[in-house]
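**Student:** As they're listed, the protein sequences go chains G and E.
The working numbering puts the first residue of the first sequence at 1, with every later residue one more than the last.
The working numbering puts the first residue of the second sequence at 289, with every later residue one more than the last.
Some hints here could point you the wrong way.
[Claimed, not checked] Rough simulated footprint, nothing fancy, chain E against chain G, three-plus residues with beta-carbon under 8 Å: (1) 83–93; (2) 100–114; (3) 118–130; (4) 223–230; (5) 274–282.
If you are wondering where the hints come from, they were derived from the structure by calculation, not from laboratory data.
Just so it is clear, CB atoms sit at the ideal spot from N, CA and C, and this is done for glycine as well.
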Amino acid sequence: MSEQLIIQLIVSGLGMGFIFALIAIGLTLIYGVMNVVNFAHGEFLMLGMYASYLAFATWGADPLVTLPFVVAAMFGFGLLVYYLLIRQVLGGSMQAQIFATFGLMVFLQAAAQFVMGADYFAVRDSWLSGVVTVGGVVLPVPQLAAVAGASLATAALYLLVFRTAVGRQLRAAAQDAQAASTLGINPSAMYALAWGIGSACVGVAASLLSNFYYVFPRVGAIFVLLAYVAVALGGFGSIHGALVAGLLIGLLQVLTGFFVSSELKFVPVYMLYLAVVLLRPRGLFGRS
Amino acid sequence: MAAMPARPSVSSAVALLVLAAAALALPLAIGERPFELRMATLILLFAVMGQGWNVLGGFAGQVSIGHGLYFGLGAYTTVLLALRLDVDPWLGLVAGALVPALCAVLVGIPCFRLRGHYFVIATLVVAESVFQIFTVWEWVGSAVGLELPVKPEGLANFQFHRDKTPYYYIALAMLVVVTGALWWLRRSPLGFVLRAIRDDEDAVRGLGFSPQAYKSIAMAISGAILGVAGVFHAQYVLFVDPFSVLGLHISVLVALFAIMGGVGTLAGPILGAAVLVPLSEYARIHFSGSGRNVDLLIYGFLIMVIAVYRPDGLMGLWQRARVAAIRLTSGRKGSDHAPDVHLPARRRVARHDPRPSA
Chain G
1 MSEQLIIQLI VSGLGMGFIF ALIAIGLTLI YGVMNVVNFA HGEFLMLGMY
51 ASYLAFATWG ADPLVTLPFV VAAMFGFGLL VYYLLIRQVL GGSMQAQIFA
101 TFGLMVFLQA AAQFVMGADY FAVRDSWLSG VVTVGGVVLP VPQLAAVAGA
151 SLATAALYLL VFRTAVGRQL RAAAQDAQAA STLGINPSAM YALAWGIGSA
201 CVGVAASLLS NFYYVFPRVG AIFVLLAYVA VALGGFGSIH GALVAGLLIG
251 LLQVLTGFFV SSELKFVPVY MLYLAVVLLR PRGLFGRS
Chain E
289 MAAMPARPSV SSAVALLVLA AAALALPLAI GERPFELRMA TLILLFAVMG
339 QGWNVLGGFA GQVSIGHGLY FGLGAYTTVL LALRLDVDPW LGLVAGALVP
389 ALCAVLVGIP CFRLRGHYFV IATLVVAESV FQIFTVWEWV GSAVGLELPV
439 KPEGLANFQF HRDKTPYYYI ALAMLVVVTG ALWWLRRSPL GFVLRAIRDD
489 EDAVRGLGFS PQAYKSIAMA ISGAILGVAG VFHAQYVLFV DPFSVLGLHI
539 SVLVALFAIM GGVGTLAGPI LGAAVLVPLS EYARIHFSGS GRNVDLLIYG
589 FLIMVIAVYR PDGLMGLWQR ARVAAIRLTS GRKGSDHAPD VHLPARRRVA
639 RHDPRPSA
């Protein structure tokens with residue numbers, strides 16, 4: 001087993017891991033602020049990927065160029081979903097909230113298939129394609145870009161949430177909406193912001209992912225399943241947890257896919273989840 | 289007031305009799321139309337599965353999105369027994385209930401230590417792992433699946449080839465038996481403990497009951513019912529493969545039908561299946577010639593509408609209608625009678641409002 005191969009696997013595992021982490025951070029942020037699990041989160045990813053692909057196919061705009069626009073559009077889409085749908089069920093039972101985002105998932109998936117058909121589309125020969133050779137190790141550029149782009153985005157998110165006034169308000173609303181509102185923070189605005197930021201994270205993931213993954217109506221389901229596991233593994237509501245668990249899952253599934261079997265590549269991830277929550281029932285970083 | 293039945297059980301009994309007669313006569317009305325017969329059978333099958341899910345998810349409040357696992361295990365058990373050991377299908381039915389029940393208890397041992405979303409994800413993770421293992425495991429047919437050996441038709445062989453009506457009646461019998469058993473279960477001490485666990489697990493533990501043990505019992509019953517449904521499915525289509533019996537969509541649909549019908553109620557899963565199966569089947573044939581999934585488009589939209597306007601599910605809608613009817617028949621002095629009618633879900637909605645009172 002050559003060192004070169006190991007490095008390649010790690011890079012590609014980290015590439016996937018950062019994608020999972022970005023999706024999971026968006027999910028956990030929304031959950032942390034308002035205790036709602038967004039079942040349509042994978043479909044947000046799918047929409048972002050279609051946006052990226054369509055811009056490329058129509059205008060030849062590279063996914064890297066359209067990334068800021070996709071992110072902005074997804075931010076707006078998150079706000080839209082919050083105001084049109086989520087706000088209506090905020091006062092409702094947990095069931096109602098599950099229905100709302102689950103219905104949205106089914107609807108968006110079907111809508112994508114209605115408009116685009118069930119075909120697989122791929123962005124071919126974008127700027128971020130091919131390989132680079134670093135010290136004799138051949139590395140795929142799209143995965144390297146995913147690592148770089150996603151770690152930048154995660155860093156930016158950390159700064160926003162943990163170092164700015166808005167982030168402080170967001171965390172205050174997450175801790176205790178009632179108390180936050182007595183301090184002049186509008187919880188509804190914070191909820192909306194969480195949906196916006198959560199969707200924007202997915203927008204970054206979608207743009208980066210479109211460089212090396214096909215887009216089709218059910219693409220979100222594949223990624224979001226592991227993102228849910230990442231959220232739970234890290235601890236619901238914990239941003240650190242989502243990041244660490246996302247990376248761990250990315251690495252683990254790539255390594256198993258290579259060394260064991262590509263059909264079974266998610267099984268060790270699932271077993272890891274079970275093992276962790278048996279020792280720590282609230283995940284790696286969960287608060288009790 | 290006189291026009292109104294004093295006890296709802298009388299009207300319920302009449303309604304049940306009418307429903308039973310209608311269910312028995314349905315194949316006569318359907319006649320020789322295979323599409324409608326298949327749909328009616330599917331409704332019954334999904335209603336049975338929903339009832340099974342409800343024992344754990346509704347009564348005991350432990351929401352699982354991995355229940356396709358027990359459906360699949362039931363189907364695989366009977367097919368494997370028939371293929372490898374030439375076991376009688378009715379013995380296969382017994383085994384197809386026992387094996388999933390046992391597996392459910394085993395799954396429960398680690399999973400029941402978890403609460404809320406952590407439990408939900410754990411059920412999903414276990415079911416998906418088994419699904420992936422079955423797709424590569426040669427002995428169980430891997431991704432290709434296994435065919436059940438075709439035998440002469442008849443009740444003894446649990447196979448009917450030309451006329452599929454017997455399947456309908458078997459499914460109906462299953463639904464009646466399961467629903468009856470659960471009706472009894474809900475009133476039994478076990479049923480009360482399960483509902484107490486749903487409402488406050490720590491209080492139940494404080495009273496000296498072991499929530500883990502009771503949840504395991506609920507899980508075993510739930511798994512057995514799903515397993516029986518799986519056996520029926522295998523005998524009905526004479527084939528199993530991982531995707532059609534272990535796929536995630538089975539787990540999701542079962543939970544969805546039970547929840548949309550009305551969580552924790554006996555009529556909920558039946559109502560959910562009776563409304564949602566035809567909705568998806570008709571939408572599929574009317575709109576989906578193009579393969580563009582208009583059925584799911586409508587489906588998703590309806591789920592969102594229900595979430596916003598009727599979060600307590602179809603049962604809530606039914607109860608609303610009953611309140612309205614009672615008010616009408618009692619001369620519009622409705623407010624005096626309103627407390628007679630249970631609207632539990634509504635009250636729960638009011639209590640869980642996370643919004644600040646602004």
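**Student:** Find the hints from earlier in the document that the structure breaks and name them by number, from lowest to highest.
**Tutor:** 3
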